[in-house]
Amino acid sequence: NAGVTQTPKFRILKIGQSMTLQCTQDMNHNYMYWYRQDPGMGLKLIYYSVGAGITDKGEVPNGYNVSRSTTEDFPLRLELAAPSQTSVYFCASSYSGRGTYEQYFGPGTRLTVT
Amino acid sequence: QKEVEQNSGPLSVPEGAIASLNCTYSDRGSQSFFWYRQYSGKSPELIMFIYSNGDKEDGRFTAQLNKASQYVSLLIRDSQPSDSATYLCAVYGSARQLTFGSGTQLTVLP
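In the order they appear, the protein sequences are chains A and B. Quick note on the working numbering: the first sequence kicks off at 1 and runs consecutively. Quick note on the working numbering: the second sequence kicks off at 1001 and runs consecutively.
Rather than coming from a laboratory, the hints here were simulated on the basis of the structure. Just so it is clear, the structure is predicted and the values come from calculations on it, not from any experiment. Glycine included, C-beta positions come from ideal geometry on N, C-alpha and C. It is possible that some hints are incorrect.
To be verified - Where chain B lies over chain A, by a calculated footprint (3+ residues, C-beta under 8 Å):
no., segment
1, 39-49
2, 102-114
Unchecked claim - Here are the computed lysine-lysine pairs in the BS3-like style, where the Cα-Cα straight-line distance is at most 27 Å:
no., chain 1, residue 1, chain 2, residue 2
3, A, K44, A, K14
4, B, K1042, A, K14
5, A, K14, A, K57
6, A, K57, A, K44
7, A, K44, A, K9
8, B, K1056, B, K1067
9, A, K9, A, K57
10, B, K1042, A, K9
11, A, K44, B, K1042
12, A, K57, B, K1042
13, B, K1067, A, K44
What the hints assert, rightly or not - Listed below are several chain A residues computed to face chain B (Cβ distance under 8 Å; list not exhaustive):
no., residue
14, G58
15, F90
16, G97
Extracted from the complex, chain A is given alone in its bound form:
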């Protein structure tokens, strides 16, 4: 099993550009998450999904969009990139949303907006 994979690993965007961060998991997990981590900070939840076709906002959703058409994939879309979106983005998945289930993290995408 590859676990949770993310592409690209690094990306530099100009202000106003758009891009999609890809996330795929092969563990047949129902729940998937997108977090961002700013330098020296913890992770903040952007969006999450409890299954194909169902998504919901997290703590910091502004400037982002998501979709979940399959169990495996959970792409994150950035529209009109801004310098405040410079961060490391982690995708995660878990079997259940209940608090006793571990979230498995992908390797992250380091995004710089200039």
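Dock chain B against the given chain A, drawing on the hints supplied.
Frame of chain A; chain B shown alone:
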């Protein structure tokens, strides 16, 4: 008040010593508590989780939970240089989401 607070450190301990990492949380409805380790430039990986008051031990790691005091800690015994990392406390609260602290940077000196 931050929902999940940790001492940012850095915390330095000599090799072989006990490292003590602390975390407080504000949501009294919190149900379970996680400690993640994050090496520089890497993704978080789960070390321990705990949801009952008291201690939970796994090898050199012990998680301690006191719900009345809204306090959770992680003890690392016989610390090794390979334990040098940032440790993130995460709390599963009444919003049914994980909330992360900002992390404590630990350095184990050889």
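Quick rundown of the hints versus the structure:
1. 39-49: holds (count 7)
2. 102-114: holds (count 6)
3. A:K44 to A:K14: With Cα atoms ~23 Å apart, A:K44 and A:K14 stay inside 27 Å; holds.
4. B:K1042 to A:K14: Holds - the C-alpha atoms of A:K14 and B:K1042 are around 25 Å apart, at most 27 Å.
5. A:K14 to A:K57: OK: A:K14 and A:K57 at ~25 Å, within 27 Å.
6. A:K57 to A:K44: 11 Å, holds
7. A:K44 to A:K9: 19 Å, holds
8. B:K1056 to B:K1067: 14 Å, holds
9. A:K9 to A:K57: This hinted pair holds, its Cα atoms lying about 24 Å apart.
10. B:K1042 to A:K9: OK: B:K1042 and A:K9 at ~11 Å, within 27 Å.
11. A:K44 to B:K1042: 16 Å, holds
12. A:K57 to B:K1042: 25 Å, holds
13. B:K1067 to A:K44: Since the Cα atoms of B:K1067 and A:K44 sit roughly 23 Å apart, the hinted pair holds (cutoff 27 Å).
14. G58: 7 Å, holds
15. F90: 6 Å, holds
16. G97: 6 Å, holds
The structure fails none of the hints (numbered hints given earlier).
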